[in-house]
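Engineer: From first to last, the protein sequence lines are chains F and L.
The opening residue of the first sequence carries number 9 in my numbering; numbering runs sequentially from there.
The opening residue of the second sequence carries number 221 in my numbering; numbering runs sequentially from there.
Careful, some of the hints might be misleading.
To be verified - Here are a few chain F residues that face chain L, going by a calculated C-beta distance under 7 Å:
{"#": "1", "residue": "Y144"}
{"#": "2", "residue": "E177"}
{"#": "3", "residue": "Q190"}
Simulated from the structure, these hints should not be mistaken for lab results.
Every residue gets a Cβ at the ideal spot worked out from N, C-alpha and C, and that includes glycine.
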Amino acid sequence: MTKLLRRRVLAGLALALVPGVSAHADTLDDIKKAGKVRIAIDTAIPPFGMTDDKMQAAGSDVDTAQLLAKDLGVKLEIVTTTGPTRIPMLQTDKADLVISTLSITPDRAKVIDFSLPYADHPSVVASLTSVPLSSYADLAGKKVAVVRGTTQDTDLTREAKGAQLVRYEDDSTMALAFASGQVDILATARSLLPAISKKNPARKLQSRITMQTFYLAIGMRKNEPKLKDWVNGWVRTNLQNGQLGAIYKKHHGIDIPVDQLLKAGS
Amino acid sequence: MSYQFDFSFLAERWPDFVAGAWLTIQLTVLSIGLGFLVGTVCALVRVYGGAAPRRLVGFYVEMIRNTPLLVQIFIVYFGLSSIGLKLSAETAAVIALAVNMGAYTTEIMRAGIQSIQRTQLEAADCLGLTRLQAIVHVVLLPAMERVYPALSSQFVLLMLASSITSQISAEELTAVANNVQSDTYRSFEVYIVVAVVYLGLSVLYRFGFWAIGLVLFARKRRLGTAL
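Only chain F is shown next, with the shape it has when bound in the complex (with noise of 0.2 Å):
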């Protein structure tokens, strides 16, 4: 490499290096003039963004950007993006919005803001059909599988005093010893639930006690009012009129609860 090429890649770099502090006036006119939305959307988390078996983008978080795109009246751009790297893609203006599970934190509220909540994204404690559960208590001297340093881990470390936790290193090592019949009793995200049931046909998942609730919404770069408004408009049309609701059944077989999610975001 000639030392003018190296200074010149250095140089490059360094600007992508800057954050987004590029003098946007106002993101949702740049949408309208550039006739497309970039939206970030991890499509390796199914059923909420994935690939489909014609390698399209598929799954609830797609459908929705696709409706949303379909609203503004510009076409849509899918910016694949991973679980961390979701609220780096805003910074740096690389995509106009985030549909990607993320939910509402108040850590990532520092940095980013979000939309109404236009899905719940509970964490469940589930068990066998034949195994019935309705609180912690219910759980002492029974083994309950889970992901090690989840915050299903932490919680029923600290909740469920008399079960028995299995730890397991990830999801499917988690399914697997479901699947298998090694443990009757697991607790994870509900959206995992169709998925872990699906394996073995034999042993059904049913969710029985809900731990936290965390809420899905729409990531924005901060200091966006019109698109920001747009945003929160378009998610109260469409949980009222069912057409997000239809979405998020037609993916992870469940109703959302409109009503909750139109109270947790006013």
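For chain F, the structure is supplied; the task is to place chain L on it using the hints.
Structural biologist: Relative to chain F, chain L alone:
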């Protein structure tokens, strides 16, 4: 580089590490014992047995030595429970480790047994020893003495390999480390602590095997000299 080491989690979590190390010791002592028995019997079969049993042992040894331990553990834990045999993680770990240990012991002991000359057995016959006496005193003990360094190394290797049973939720030393690490985010320090504990266990095991060797092979003989 200005990394601030922080080992303060030890004050609160040291009982977890002790419990984990204790489970590691229990798992490995059991599986070393079982695996040694299996391996010794298989080695005798492999040297003195008929054609069919010999081939069967050969199949077992090659199957185990040419597949990953983690896969073997998954087969015992997830596979057996799929067909209705539900074992606890600890039991599954001991079985898988013992089966693995058995295969390696077979090969090590076979080398030892083959180093005992046939004339030794003939001499035992002349002296009127029963078949069992001859096998224990004339074949097995001297054979084991010859391969003892290789054998005890394999035992220590198994102890270190037992760390992967954390994958099937056995709460041994490595699993404890993963728990503490995910609570405190002090991964560097946690794994340093665990490495030191494993090192201590290895030294303990090697000392133990040396002591057992002193008792078993009372006539001290230099390695490699004629029996």
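Engineer: For every hint, state whether the structure bears it out.
Structural biologist: Taking the hints in turn, this is what the structure says about them:
1. Y144: violated, 20 Å
2. E177: holds, 6 Å
3. Q190: holds, 5 Å
Of the numbered hints given earlier, the model fails hint 1 alone.
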